[in-house]
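Undergrad: One-letter residues, chain by chain:
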Amino acid sequence: MVDLVVIGAGPAGMAGALAAAECGLEVVVVDEQAAAGGQIFRRTPESFGGSRATRPYRWAPDLIARFDAHPNIRVLYRSTAFGIMRDREGSAVRLNVGVSAATGGELIPAKRILIATGSYDLPVAFPGWTKPGVMTVGAAQTLLKSQKVLAGRRVILAGSHPLLLIAADQLLQAGAEITEIAFARGLPRASEMGAALSAAPGHFEIFAEAGRAAARVVSRGVKVTTRTIVTAATGGAAVTGARLTQVDPAWHRVGPEREVSGDLLLLGYGFSPATDLARQAGCEMRWNSRLGGWTVVTDERFASTAADIFVAGEPTGVAGAEQSRAEGRIAGLHIAESLGSSASDHPRLLRRAHRALSSSGRFSAVVQAMFEPNREALGHLSDPEGTTVCRCELVDSGSLDTALRANPFISTANAAKLECRSGMGPCQGRYCEGTVATRVAAARGIAVADAGYFTAHVPVKPVPLSTYRMLGSTSD
Amino acid sequence: MSASRIPAQRGPTVEFEFDGDPVVAHEGETVAAALLAANVAAFGIARNGEPRLPLCNMGTCFDCVVTVDGEPLVRSCLRDVCDGMRVTRNEAS
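So the protein sequences, as listed, match chains A and B.
According to UniProt numbering, the stretch in the first sequence is residues 1 to 476, in order.
According to UniProt numbering, the stretch in the second sequence is residues 1 to 93, in order.
Bear in mind the hints are in silico, worked out from the structure with no lab data behind them.
Quick caveat, the model's predicted, so the values are computed rather than measured.
For each residue, glycine too, the CB sits at the ideal point set by N, CA and C.
Some hints here could point you the wrong way.
[Stated by the list, open to error] Selected chain B positions facing chain A (in silico; Cβ < 10 Å):
hint : residue
1    : Gly20
2    : Val23
3    : Val24
4    : Ala37
5    : Pro51
6    : Gly59
7    : Cys61
8    : Glu71
9    : Arg79
10   : Arg86
11   : Thr88
12   : Arg89
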């Protein structure tokens, strides 16, 4: 049995694993990518030179290097943690992490688990969003930075997150043409700018990096519009353009639609915490729209409500790489302490991590407040007849509404899932939960939070049956 | 959508098969990146006949799944290419 299994090798997972390993714990880390760093620090493969961009996060190269080199940390890359299973032996409960890789499956018994699964681009359903050529802005960025592939030639970017500008800058530098960048929100208000400035100390480089990217994009003459939302991806089999329309401050349509052309439509409305594993493990969840929607409840040690399971980084609320690193480190230190292996300067390390946490918290609070997506308005983008809500099971908004009319007792996203199969495909509801919940909420006149969330089951991601056959052989 | 490789250092070339057609790629590329760069029109076909290409490129959406050497539902964004690999389009059932 290992002391700690960490799921995710992004800023939170690396910091948590390293803090625990430096206290003497034996740590196994499971990550789906080929190298450490998480989505934010994706690097090129070894055969491409293994380079990685870490600006503006000055601490990143050191964190990654120490994580990679620590003898107490064993990392399983290209591996998926698909479930947390409990063995009950009398009153004792043993935790196991089910892991699947191309080479097979294994069950890893662990004294503690740290879930640091990060976040993913917030999915928004609208007519045409299943067409080839519609991608998340994160997809285009990771293709570019880790694979040196430019996903399209003429690009339309739409959403509400400042990441759109940074991505646009990267795409331009790689040779793309950008037709338009459409922001659903307006320009930041004076009060928001004031709050941003007061949070800037200590985060100047992040602001500066974003500012430089925006300036470069504007200087290239790219059309940047505000209060403009994408209502459809147009084209035949593949995207040839997008329909855009003017919206009011509540993101409700006020103008006629116009069409822009492009072969790639990138969406960036912010991020959803990846909480499927935490849900499956029985962790209590809490709704917080600013923090990304459904987040995992933790105490100040980043322990979840499920015994011996800690959660750090974006699953506790989307707050960026700095805060994820601080949370991971605090969790790692407390995990070590709970197993009786504290470092000699434990209190000092904890104080330092907490200082980093409150500093990053001031910054992320500003970003969260300024760029919170209007979920109710985004839900209405799926109103048009025949709009696919569930990409996997092909459930459209009309059949969802019909089911809601026929079953007046259904008032939760989960009940709608059971009735319509929306959320039962390979993605396990990650891409339709938000739309289903907002449609249920609108139909019943309740808040999105009260429509609840999809429950998660083992396996949280599809794994081959052969993986299950191998689960009998546990590693020690 | 017309994807392309940008100038950069890459690994040696490898050749694999997609639906019987040869695809030239570079060691270190994911199947998704290689198929996008080859401008494949569909990684998969949904039950209603619609073509699908990757949406998230990070392993969460499953729109990029293909069959690799007989193994179904392989996320092509998380699988590296290798010489002689036989990849086929995902047909939703």
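Undergrad: Taking the earlier hints as the rules, which of them does this structure contradict?
TA: 1, 2, 3, 10, 11, 12
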